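Taken in sequence, the protein lines are chains S and E. Numbering of the first sequence is given in my numbering, commencing with residue 1 and proceeding in unit increments. Numbering of the second sequence is given in my numbering, commencing with residue 334 and proceeding in unit increments.
Read the hints as simulated data drawn from the structure, not as lab findings. All of these numbers come straight from a predicted model, not from anything done at the bench. Glycine included, every Cβ here is placed at the ideal spot set by N, Cα and C. The reader is advised that the hints may include incorrect statements.
Stated by the list, open to error - Just the calculated beta-carbon pair ranges, DEER-fashion:
(1) E:PRO470 to S:GLU136: 57 to 63 Å
(2) S:GLY27 to E:HIS481: 22 to 28 Å
(3) S:ASN75 to E:ARG595: 27 to 33 Å
(4) S:GLU136 to E:GLY406: 53 to 59 Å
(5) E:GLU569 to S:ALA113: 47 to 53 Å
(6) E:LYS607 to S:PRO25: 50 to 56 Å
(7) S:ARG26 to E:PRO610: 54 to 60 Å
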Amino acid sequence: MTAPLVSVDRLVRTYRMRAGMFGRPRGVCAVDGVTLRINRGETLGLVGESGSGKSTTGRLVLGLENPDAGSVAFNGRRLPAMDTPEWRASRARMQMIFQDPLGALDRRLPIAAQVREPLDIHAVGDEAFRTARVEELMRSVRLSDDVGQRYPHELSGGQRQRAVLARALATKPDFLVCDEPVSALDVSIQAQVVNLLIDLQAELDLTMLFISHDLRVVRQISERVAVMYLGRVVELGNADDLFVSPQHPYTRALVSASPAPGARRGERIVLSGDPPNPASKPGGCAFHPRCPSAFARCRTEAPALVEVSPDRSAACHLTGLESPAAVALGAVA
Amino acid sequence: MQPLVSLDGLTVAFNGIKVLDGISLSVGRGEAVGLVGESGSGKSVTWLAALGLLPKTAAVSGSVKLEGTEILGASPSTMDRVRGGRVAMIFQDPASALNPVLTIRRQVGESLALHRGLSGAAIHAEARRLLDLVGIPDAERRLSAYPHEFSGGQNQRIMIAMALAGNPDLLIADEPTTALDATIQAQILELIRRVRRETGMAIVLISHDLGVVAENCDRVAVMYAGSVVEEAPSVELFDDPLHPYAHGLIGSLPPIDGPRRRLTAIAGTVPDPKAMPRGCAFAPRCVHAAALCGTKPPRLRAVGENRRVACVIDRRARATDIIGQAAE
Chain S
1 MTAPLVSVDR LVRTYRMRAG MFGRPRGVCA VDGVTLRINR GETLGLVGES GSGKSTTGRL
61 VLGLENPDAG SVAFNGRRLP AMDTPEWRAS RARMQMIFQD PLGALDRRLP IAAQVREPLD
121 IHAVGDEAFR TARVEELMRS VRLSDDVGQR YPHELSGGQR QRAVLARALA TKPDFLVCDE
181 PVSALDVSIQ AQVVNLLIDL QAELDLTMLF ISHDLRVVRQ ISERVAVMYL GRVVELGNAD
241 DLFVSPQHPY TRALVSASPA PGARRGERIV LSGDPPNPAS KPGGCAFHPR CPSAFARCRT
301 EAPALVEVSP DRSAACHLTG LESPAAVALG AVA
Chain E
334 MQPLVSLDGL TVAFNGIKVL DGISLSVGRG EAVGLVGESG SGKSVTWLAA LGLLPKTAAV
394 SGSVKLEGTE ILGASPSTMD RVRGGRVAMI FQDPASALNP VLTIRRQVGE SLALHRGLSG
454 AAIHAEARRL LDLVGIPDAE RRLSAYPHEF SGGQNQRIMI AMALAGNPDL LIADEPTTAL
514 DATIQAQILE LIRRVRRETG MAIVLISHDL GVVAENCDRV AVMYAGSVVE EAPSVELFDD
574 PLHPYAHGLI GSLPPIDGPR RRLTAIAGTV PDPKAMPRGC AFAPRCVHAA ALCGTKPPRL
634 RAVGENRRVA CVIDRRARAT DIIGQAAE
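Just chain E, with the same shape it has in the complex (with noise of 0.2 Å):
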């Protein structure tokens, strides 16, 4: 079956420092894809990437295909189509993404002109349905309120009645719920689990918590330094994390019950763009580095059936895997 959104080898540069190498990742139809990853591993210039919101300082190369078709490149007004309309976006914080001097049902009501063609009392009462949908109580005085009036938690809400309006195929959710307290992480995340099953829209989840990934997501991703390292079904990831550093991040997540173990912090910290290590750019944080990681930058490979992995040592290969692999 065609992927829904398909990227390969998509790579960014800013001023000629590659900041992301190579990401292929495909999401299908409803699906839930995780990415996880620590700041400045391209986690999000993935997508911005991939939906031409980056500046045009960046280089961006590679291809991203939307049921097939390209959109890498396109013309201005197709974008316009496909941001809001088949892939909508929402972020961290949604205070500074919603305009403070508009009221709501002016900033839910642009999406339903923009992509839905709708006017007058049609954008009123479809604006409305949309708060409902997302739980913001009384949506029929509070469409006339600005943002400062909701709190964090609200606005949230509001992004994601916004990103709804276009009827999306796909929301990127970029860290939705970080800067929000847990009892209001837990009802945003609810509220997204519930939109999936009422609209089947599929999602990609981009957080640093591999907690709200493990539970929201049927596929994870994990990013290092601008390239995808591992990618598994989710419960696969947390049982049993092939390469190093998802090793390593799951393990510095301290328990919450059970016996206290000693956290298996990664020594060392990401590398600077600017000076990337020449192999693979964990090694010099990696126990298991040998000497063949330091010579050239290892490609992800299937392992199993639904499973890859960018590690030469991964101790499930087989010697000759790892042989053929050195003899290239």
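Next comes chain S alone, as it looks inside the complex (with noise of 0.2 Å):
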């Protein structure tokens, strides 16, 4: 196996934070020992629910923000320091996409010229080559000509979220972070993107790391998926198997909570309780007090993230035993 474009080691990223005007500063962990690797021409999704981390461990792994332990190797090489020379080039090479559209494109320039600006910033071709490019662009993200013209409000929803894309591509990058594209877009639209996506991936040999809540669409779009809960990263796997048979109890219970037309698969699991405050992290296993399936050593020890069957890793004391009656049994004797 070829060696992973990129390759994250444990991750940690602490906010501070006081609770009220005169309160004491404390550290939030926003991304608690996060490891990944993803390899060349390989999409990794990403999901989790509000304040699992998932986005500000795409940040970290875009370097756009510095970690307070552990790397983020490009390339086989270390990301380099914030705001160098070197940092700036790097951007050429790897690009992010955000939720929302409209508040990443300018709204006093036309499309076109927007699309345009990394050629010129990285300083990329001369004036025709810019030209052609961005001609090209338009029509790889299926943008027709006159959109170029034209500002940000005279376009949908859809064909803002295709100008980024261009925008995006522009430098061809080799990686590329989606940091829930197609949330804001409506069903039919969202196909659309998401088909786009798809197609320029395979076009492009991009490798993305792809950020959503919406198991579905990264499903559609992943080889392989990593579920996070709270920082951490609790199960990875393949794409196909991961929610077909789940192994971590989180998982399980996000499968079961992704609605879907049609006979439903299974029981199902309604989780009782909010997902806690990442300020105040219950100990041992994070997932512990809404897991259906908790027992002693959940509240004091923290499950690691090892290797259950050829491609699929989970953080779970449970993972390996039998069925929860076995851990029963064990915790008894």
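Dock chain one against chain two, each of which comes alone in its own frame, and use the hints as you go.
Spelled out as structure tokens, the structure:
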């Protein structure tokens, strides 16, 4: 197997926050020891609820934030420190797409000028080359020529997200981080953009980190999927198997919570309680207060992410054991 | 049997631009009806118009009957009794629907005083019961808390408690779980199902999420550009959609298991209400569109016993029907 394009090793990111104006500042650990590998040409999906640290992970992987511990290597080399000339040059190789395209576009510039901007910044080719490249990019994201002269407010949501995508692809990046790129779009438009991303990924041999809360979209687009809960990866596996045979109780609940038209597989699992505040994370396994099969060990010891079968890792004391009943017996003995 | 609420030819225009075009829909007692469609399809406007909640600039016409009595254009005092008392509504963003400077007791108590005529200790006891019912732990203490002290899911539970305060016959839930996380969405939908079982209340669930609607509704109406394009029992709709738009919408949803297939995205975008196509509003995006589709909008017509569809080239229709329509 070839070396991964992106390898993330035990990343930690802690934010300082105060409770109230005079409260003592305390650390909120948004990302807590995340290790991931993304192979060249692969799409890794990252799912989780709000506060799970998936967006922070995306930003850390791109080097838009400095981690407190751990490292990110791109193409075998450690990412340069933020705001250095090397770091700036590396931006051309890696790009990001956000949820809200209107916020990501400059409202006072026509679309073509914005798509062209990265070419000017990174001094790619001459005048004629840049103009030709913009036309090529607009075609590749299936936007008609006249859209280039329009302003963001004149475009529909789907067209805006295509424009953002064209701009991200301008410098021919190797790596793309997509943070909820289709969540704000209507279902039929979402399908257009998902199909486009899949096509472009194949055409350009892109490597992607695809962040979303939507399991269906993530499965559609990813080869492998990582599930995050409160700053940690709790399960990682092949996209096709992961949602069919989830091993971690949280993944199981997440799959069960995804509403499906048509027949329901198995019993519905409804978790009690809210996801805990990242600022006051429970001890032991962070999921134990909501876990239907938690036992004594879960309250004291945080499980590590270990391989449970080929292509599947899970961070749960229960995996590898036959059934919760067997665990109960084991606990008694 | 007389339906609980029936809309007939409900039409809404803002500044002369028609956004809702002759909606006819009924909700039976205790029934769960889903309303799906993309943004701008008019699914929320339908119920805001029916309950007289649109601003004065909106021109509303047609008929809205509550157990046979016309309520469209009824007096403000009648509507005050209908809203909250007979028909309650909850919205997508519970935090902005609650008053941030009033305690939960005051807000739940307001409905109880208005619609049930309770006062003093009776309000307190009933508000507590309602919070217990919607699953707010430690209800006694939390009655004196403010909305910011609750999570998003808990605020939606409080909204449901307030909606239940007037013992309504119908709850309109407008995207009640869209702003919530997946596991919290599952909790709120479970709560709505339980409340329905216990009170026998009817519900209209407005959502862009086909899965949410499929799992929680007996019957579903699909809306597109201000019209209902298909109406069917939910199982039949998802197994065998008849309208090309409904078909496209279901094909746009990635499967969660089984083989991956390319999504059948619907090309193009929703038409601008200011420049609606002359014929069928969906025709410019429709893969089956024929010359006939560009001439006049198709009417919703019955197909089989309990389905209706607004498409002239429905594959189930017999050739004679199509010719009959064309001749009209």
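Each hint tested on the structure:
One distance hint, 57 to 63 Å for the beta-carbon pair E:PRO470 and S:GLU136, holds here, with the actual separation near 58 Å. Evaluation of the 22 to 28 Å hint for S:GLY27 and E:HIS481 yields a pass: the beta carbon distance comes to about 23 Å. A beta carbon spacing of about 31 Å between S:ASN75 and E:ARG595 agrees with the range 27 to 33 Å that was offered as a hint. One distance hint, 53 to 59 Å for the beta-carbon pair S:GLU136 and E:GLY406, holds here, with the actual separation near 58 Å.
As the Cβ distance of E:GLU569 to S:ALA113 is approximately 50 Å, the hint placing it in 47 to 53 Å holds. For E:LYS607 paired with S:PRO25, a C-beta distance near 53 Å keeps the hint of 50 to 56 Å intact. For S:ARG26 and E:PRO610, the hinted distance range of 54 to 60 Å is satisfied, since their beta carbons lie about 58 Å from each other.
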